[in-house]
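Novice: Below are the chains, spelled out letter by letter.
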Amino acid sequence: MSTDEKQHSPSEQHVDGEWVDPGVPYHRPRRSDSDPKAAKRAERQVAALFGVSILGTIATLVVYFTQNQTEDVESIRLVNVLLGISLCFAMLGIGIGAVHWARTLMRDHEMVEERHAMRTSDESREVAIQYLKDGAEDSGLTTNRRTLLKGSLITAVAIAPLAVLVPQIGNMGGDWNVAKFRHTMWAKGTRLARDPDGSLIKASDVTIGSVFHVIPDGLNELEHGKLEEKAKAIVLLIRLDPRDLNLQPGKEDWSFDGIIAYSKICTHVGCPVALYEQQTHHLLCPCHQSTFDVANGAKVVFGPAKRPLPQLPIAVDGEGYIVAQSDFHEPVGPSYWDRLKGGSSPAPSTEEGHA
Amino acid sequence: MGAKVNTAVAGTSNWVDERTTIGGFVKFFARKLFPDHWSFMLGEIALYSFLVLVITGIFLTAFFVPSMDIVHYEGEFATMHGVEMSKAFESTLVTSFQVPGGMLVRQMHHWSALLFTAAIVTHMARVFFTGAFRKPREINWLVGFTLMILSLAAGFTGYSLPDDVLSGNGLRIIDGVVKSIPLIGTYISYWLFGGEFPGEVLIPRMFTAHILLVPGLILGLIAVHLFLVFLHKHTQYPGGGRKDTNVVGLPLFPVYMAKAGGFFFVVFGVIALIAGLFTINPVWNYGPYDPSPVSAGTQPDWYILFIDGGLRLMPGWIGSFPMEWVIGGYTLPLNILIPAVILPGLFFTFLAVYPWLEALATGDRGERHVLDRPRNVPVRTGIGVGLISFYVVLVIEGSNDIVALLFHLSLNDITLLNRVLIFALPILSFLITRRICYGLQRKDRELVLHGHETGRIVRHEHGEYIEVHEPLSEQEVWLRVQHGDIAPLEIEPEFNHRGVRRKGYRFDRFRRRLSRFYYEQRIQPVTPEEYEAAKHAHH
Numbered sequence: 001m002s003t004d005e006k007q008h009s010p011s012e013q014h015v016d017g018e019w020v021d022p023g024v025p026y027h028r029p030r031r032s033d034s035d036p037k038a039a040k041r042a043e044r045q046v047a048a049l050f051g052v053s054i055l056g057t058i059a060t061l062v063v064y065f066t067q068n069q070t071e072d073v074e075s076i077r078l079v080n081v082l083l084g085i086s087l088c089f090a091m092l093g094i095g096i097g098a099v100h101w102a103r104t105l106m107r108d109h110e111m112v113e114e115r116h117a118m119r120t121s122d123e124s125r126e127v128a129i130q131y132l133k134d135g136a137e138d139s140g141l142t143t144n145r146r147t148l149l150k151g152s153l154i155t156a157v158a159i160a161p162l163a164v165l166v167p168q169i170g171n172m173g174g175d176w177n178v179a180k181f182r183h184t185m186w187a188k189g190t191r192l193a194r195d196p197d198g199s200l201i202k203a204s205d206v207t208i209g210s211v212f213h214v215i216p217d218g219l220n221e222l223e224h225g226k227l228e229e230k231a232k233a234i235v236l237l238i239r240l241d242p243r244d245l246n247l248q249p250g251k252e253d254w255s256f257d258g259i260i261a262y263s264k265i266c267t268h269v270g271c272p273v274a275l276y277e278q279q280t281h282h283l284l285c286p287c288h289q290s291t292f293d294v295a296n297g298a299k300v301v302f303g304p305a306k307r308p309l310p311q312l313p314i315a316v317d318g319e320g321y322i323v324a325q326s327d328f329h330e331p332v333g334p335s336y337w338d339r340l341k342g343g344s345s346p347a348p349s350t351e352e353g354h355a
Numbered sequence: 001m002g003a004k005v006n007t008a009v010a011g012t013s014n015w016v017d018e019r020t021t022i023g024g025f026v027k028f029f030a031r032k033l034f035p036d037h038w039s040f041m042l043g044e045i046a047l048y049s050f051l052v053l054v055i056t057g058i059f060l061t062a063f064f065v066p067s068m069d070i071v072h073y074e075g076e077f078a079t080m081h082g083v084e085m086s087k088a089f090e091s092t093l094v095t096s097f098q099v100p101g102g103m104l105v106r107q108m109h110h111w112s113a114l115l116f117t118a119a120i121v122t123h124m125a126r127v128f129f130t131g132a133f134r135k136p137r138e139i140n141w142l143v144g145f146t147l148m149i150l151s152l153a154a155g156f157t158g159y160s161l162p163d164d165v166l167s168g169n170g171l172r173i174i175d176g177v178v179k180s181i182p183l184i185g186t187y188i189s190y191w192l193f194g195g196e197f198p199g200e201v202l203i204p205r206m207f208t209a210h211i212l213l214v215p216g217l218i219l220g221l222i223a224v225h226l227f228l229v230f231l232h233k234h235t236q237y238p239g240g241g242r243k244d245t246n247v248v249g250l251p252l253f254p255v256y257m258a259k260a261g262g263f264f265f266v267v268f269g270v271i272a273l274i275a276g277l278f279t280i281n282p283v284w285n286y287g288p289y290d291p292s293p294v295s296a297g298t299q300p301d302w303y304i305l306f307i308d309g310g311l312r313l314m315p316g317w318i319g320s321f322p323m324e325w326v327i328g329g330y331t332l333p334l335n336i337l338i339p340a341v342i343l344p345g346l347f348f349t350f351l352a353v354y355p356w357l358e359a360l361a362t363g364d365r366g367e368r369h370v371l372d373r374p375r376n377v378p379v380r381t382g383i384g385v386g387l388i389s390f391y392v393v394l395v396i397e398g399s400n401d402i403v404a405l406l407f408h409l410s411l412n413d414i415t416l417l418n419r420v421l422i423f424a425l426p427i428l429s430f431l432i433t434r435r436i437c438y439g440l441q442r443k444d445r446e447l448v449l450h451g452h453e454t455g456r457i458v459r460h461e462h463g464e465y466i467e468v469h470e471p472l473s474e475q476e477v478w479l480r481v482q483h484g485d486i487a488p489l490e491i492e493p494e495f496n497h498r499g500v501r502r503k504g505y506r507f508d509r510f511r512r513r514l515s516r517f518y519y520e521q522r523i524q525p526v527t528p529e530e531y532e533a534a535k536h537a538h539h
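So the sequence lines, in the order shown, correspond to chains A and B.
Heads up, the first sequence is in the working numbering, so the first residue is 1 and it goes up one at a time.
Heads up, the second sequence is in the working numbering, so the first residue is 1 and it goes up one at a time.
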C-alpha cells in the first residue's frame with residue numbers, strides 16, 4: 001500500500017528527542033516510464049483525444065451552418081443542445097488530452113526547490129533606506145522650513161478629486177427630490193382601473209372574496225415616468241364579507257361595503273404583495289413572506305415587515321365606479337430615515353400597534 | 001529539419017530578448033515548482049470560469065442593448081408579441097432566439113458566473129481550513145477576499161441587466177435595503193437609480209459597471225493575486241521532505257502548462273455541456289419588468305440567497321417589540337438593517353481580518369508554507385464550520401418556499417425553526433467540529449503508537465489472543481507528528497518589579513485569553529520517547 005522507502009533503521013526516525021523528516025517519498029515509476037509500449041499507447045490516447053477536439057470543432061461549425069433555428073422553441077432547444085455538446089467535445093478533447101499527456105508522459109518525479117524568506121536582506125534594506133533618505137534630502141522635504149510646502153501639497157492632492165467627484169455624483173441623482181416618495185398618482189376622484197389593461201372597476205364587479213390588481217386610471221396614458229408612478233401606485237382591491245371586516249378607528253369611511261384597498265407595495269423592502277388567501281384574509285408577500293391581515297387593517301401577522309400596508313381611502317362615484325378619496329395618507333413601500341418627517345402628506349401617519 | 005526549427009526559434013528568441021530581457025523572466029518562471037493536490041484546482045476553476053465569462057461576455061456585448069427605452073416586441077418569440085418592454089429585455093430575447101448560438105452563449109455566461117462565485121467561495125474555504133492565509137500570505141488573503149466581493153458585484157449587476165420581472169424585483173429589494181440606511185439611504189437610492197425607482201438610467205449604469213468597472217478591477221486583482229502566488233511560491237501539504245523552507249513539486253513548464261492549461265479547456269467544455277443541456281434564467285418565461293407582478297418560488301442567484309435569507313428570517317416584531325424604531329421622529333428600520341447591512345458587514349469583516357486575529361492568538365512570526373491539516377487546528381476548523389453552518393441556515397431560509405414545497409412543510413415553521421438555528425447551529429457546529437478534530441488527533445496518536453489494525457488475530461503459546469498491528473511507515477508517522485505542539489501564549493505580569501502597572505497589559509491579557517481559547521485544550525502529537533516506549537511495550 002505504501003510506496004515509502006523502508007530501508008531506514010528506526011534509530012534514524014528521531015534524533016535527540018526530535019523527529020526527523022524522512023525526506024521526499026520514494027518515487028515509484030509509472031508503467032509508461034518503464035514500458036515503451038505503454039508510453040506509445042499513452043501517446044496514441046493523447047493524440048486520439050486531440051482528434052476528438054478537432055471533430056468537436058468541425059461538428060460545432062456544421063451545426064451552426066446547417067441547423068436553422070426558427071421561432072419554434074423546440075428548434076432553438078435542439079440547436080442549443082447540439083452546439084453545447086459539440087463545443088464541449090471541442091474543448092474537453094484538448095483539455096483531457098493535455099492532462100493525460102502530463103500524467104502519463106511528462107515528468108512526475110517531484111523536485112525540490114529552496115524558498116527564500118520574503119524579508120529583504122539587511123544590507124539591501126540599508127541601501128533602500130539610504131536611497132529614500134537621499135531622495136527626501138534632495139526634495140528638500142526633510143527640512144523643517146518646508147512645512148508650508150508639505151501642507152499645501154497634501155491639501156491640494158486631498159481635495160483635487162472633489163473637482164471630479166462632486167459634479168459626477170451631483171448629477172447622478174437626478175433632481176434629488178426625495179420628497180417624491182410621499183406622493184403617488186392617487187388623488188380625490190381618481191378612478192380605480194384594472195392592471196394592466198386599465199379598464200375601470202364598478203363596485204358591482206367586485207364580488208365577495210375577489211381580488212383586483214389595481215392601477216390609477218390614466219397611468220397607461222402617461223408619457224413619462226409610467227413605471228415610476230406604477231411602482232408606487234399599485235393597489236390591491238379586495239372584497240370581504242362586511243361582517244368579517246374590522247374597520248380601523250379613524251378609517252371607518254375608507255372602505256365601501258366590504259371593499260377595501262391597500263397599497264400593493266410591501267412595507268418591508270418593497271416587493272409587490274401578491275398572494276391572497278381567501279380563507280384567512282391573509283396577504284402574503286412572496287419575496288420575504290411578510291403576512292398581512294386584510295380583515296384587520298392589514299396589520300403584520302408574520303414575517304419581517306413591521307408596519308401594516310397603507311390603506312387607500314375609496315368611495316363610489318355617481319356612475320358606480322370605485323374612486324380614491326385622496327392620495328395615501330403616508331408614504332407607501334419600505335421604511336426610510338425621514339419617512340415621518342416633512343409632513344407634506346395629507347395627514348400625518350399614525351404609528352399603528354401590533355395588537 | 002529539427003536544426004532548422006531550432007535556428008528559427010533561437011533567432012526569434014534572440015530578437016525578442018534583445019528588446020525585452022525576456023530571458024530573465026523565462027529563467028524565473030519556466031521551472032518554477034508547484035506542489036500537486038486536487039484542492040489547489042479550486043482557485044484554477046475560479047480563474048478559468050472568469051476567462052469563460054470574458055469570452056462569452058464579449059460575444060454578448062455585440063447584441064445586448066443597454067437601454068431602458070420602451071419598445072413593443074415584434075421578434076420571433078410568439079408569446080411576447082406586442083408586449084411592452086425595455087430595449088434591454090428585447091435585445092436579450094433577440095440574442096436568445098434570433099442569434100444562432102446566442103442562447104448557448106447566454107447560458108454559458110450565466111452558468112460560468114454561478115461557477116465563478118462558487119469556485120471562489122470553495123477556494124477561500126480551502127485556504128481558510130488549511131491555514132494558507134498565514135504569514136506571508138495575509139495580503140493575498142485580502143486580495144482574494146476583495147475578489148470574492150467583486151465577484152458578487154459582477155454577478156448581481158449581470159443578473160439584473162436583462163431587465164426582466166425577476167431581476168427587477170431583486171433591484172427593488174436592493175432599493176428597499178438601500179433606503180433603510182439611516183440619514184443618507186434615500187439619497188443613495190436616488191444616486192443609484194438617477195431619481196425614483198426604477199428610473200431610466202440604471203441598466204446603462206449597471207452595464208458600464210458590469211462590463212468595464214468590475215471586470216477591470218477583477219482582472220487587475222487577479223494579476224496581483226497570481227503575482228503574489230509566484231512571489232511566495234505555492235503552499236504545500238505536509239509530508240516527507242516538505243518544509244517551510246522549500247517547495248516540493250513539479251515544474252511549471254511543461255507539467256503545469258499542460259495540466260493547468262488543459263484544465264482551462266476542461267472547465268470550458270464542462271460549462272458548454274451544462275449550458276447546452278440545462279436552461280438557466282429563461283427570462284422569456286418571466287416577462288419584462290413591471291412593478292406589479294411577482295410570483296412565489298423565485299429565488300435570486302445562489303450567491304445572493306444568504307442576504308435574501310436574512311431578510312426572510314428577521315422578524316418585524318419580536319413578541320410585541322417592534323424591529324423598526326422611531327427615534328425623535330426618524331425611522332430606523334432594524335428589520336432591514338440588521339439582516340441586510342449589519343450582519344453581512346460583520347460576517348465579511350470577520351473573514352477579512354481573520355488572519356490577523358489568529359496571528360494574535362498564536363504569536364507566530366515565522367513564514368508558514370506547509371499547510372495545516374484541519375484537524376490539527378481544531379478551533380480554527382470549528383470556527384470555519386460554524387461560519388459555514390451560519391451561511392447555510394441563511395441560504396436555506398432564502399429558499400424556504402422551495403423547501404416548504406419539496407418537503408410539505410409549513411413555510412412559517414421553517415422560518416421559526418431557522419430563527420432558532422441561526423444562533424444554535426453555528427455554536428453546535430463549532431463544538432462538534434472541534435470535538436471531531438480532537439478525535440482525529442487522538443486517532444493519529446493511536447496509529448503512530450500502535451500501528452494499523454490488520455484484522456489478523458494470533459494466539460500466543462500461553463493462550464492469549466492478540467490482534468497483530470502493522471507499524472506505520474516513517475512517512476506515515478511523519479505526517480502525524482510533523483506539526484509539533486503549540487502552547488497558549490504566556491504574557492508578562494501586570495506589574496513590573498517596582499509595582500508599576502505596565503502599558504499594554506490589557507491588550508496582552510486579551511491576547512492570552514484568545515490564545516487560550518485556541519490552544520488551551522489540545523492534543524499533543526506523539527513524542528519520540530512515547531513512540532519508543534510504545535514500541536518496546538509491544539515486544
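Hint data in this document are derived by calculation from the structure and do not stem from the laboratory.
Note that the Cβ used here is the ideal one computed from N, Cα and C, for glycine as well.
Among the clues, some could well be false.
[Stated by the list, open to error] Simulated restraints on C-beta separations:
hint, chain 1, residue 1, chain 2, residue 2, range
1, B, GLY363, A, VAL81, 29 to 37 Å
2, B, GLU467, A, VAL81, 51 to 59 Å
3, A, MET172, B, THR245, 50 to 58 Å
4, A, PHE65, B, THR122, 14 to 22 Å
[Unchecked claim] Which stretches of chain A does chain B cover? Using the computed rule of at least three CB atoms under 8 Å from a CB of chain B, they are:
hint, stretch
5, 83 to 89
6, 126 to 136
7, 272 to 280
Novice: With reference to the structure, classify each hint as holding or not holding.
Specialist: Verification of the supplied hints:
no.: 1; hint: B:GLY363 x A:VAL81: 29 to 37 Å; in the structure: 58 Å, violated
no.: 2; hint: B:GLU467 x A:VAL81: 51 to 59 Å; in the structure: 57 Å, holds
no.: 3; hint: A:MET172 x B:THR245: 50 to 58 Å; in the structure: 53 Å, holds
no.: 4; hint: A:PHE65 x B:THR122: 14 to 22 Å; in the structure: 39 Å, violated
no.: 5; hint: 83 to 89; in the structure: holds (count 6)
no.: 6; hint: 126 to 136; in the structure: violated (count 0)
no.: 7; hint: 272 to 280; in the structure: holds (count 3)
When each numbered hint is compared with the structure, violations occur for hints 1, 4 and 6.
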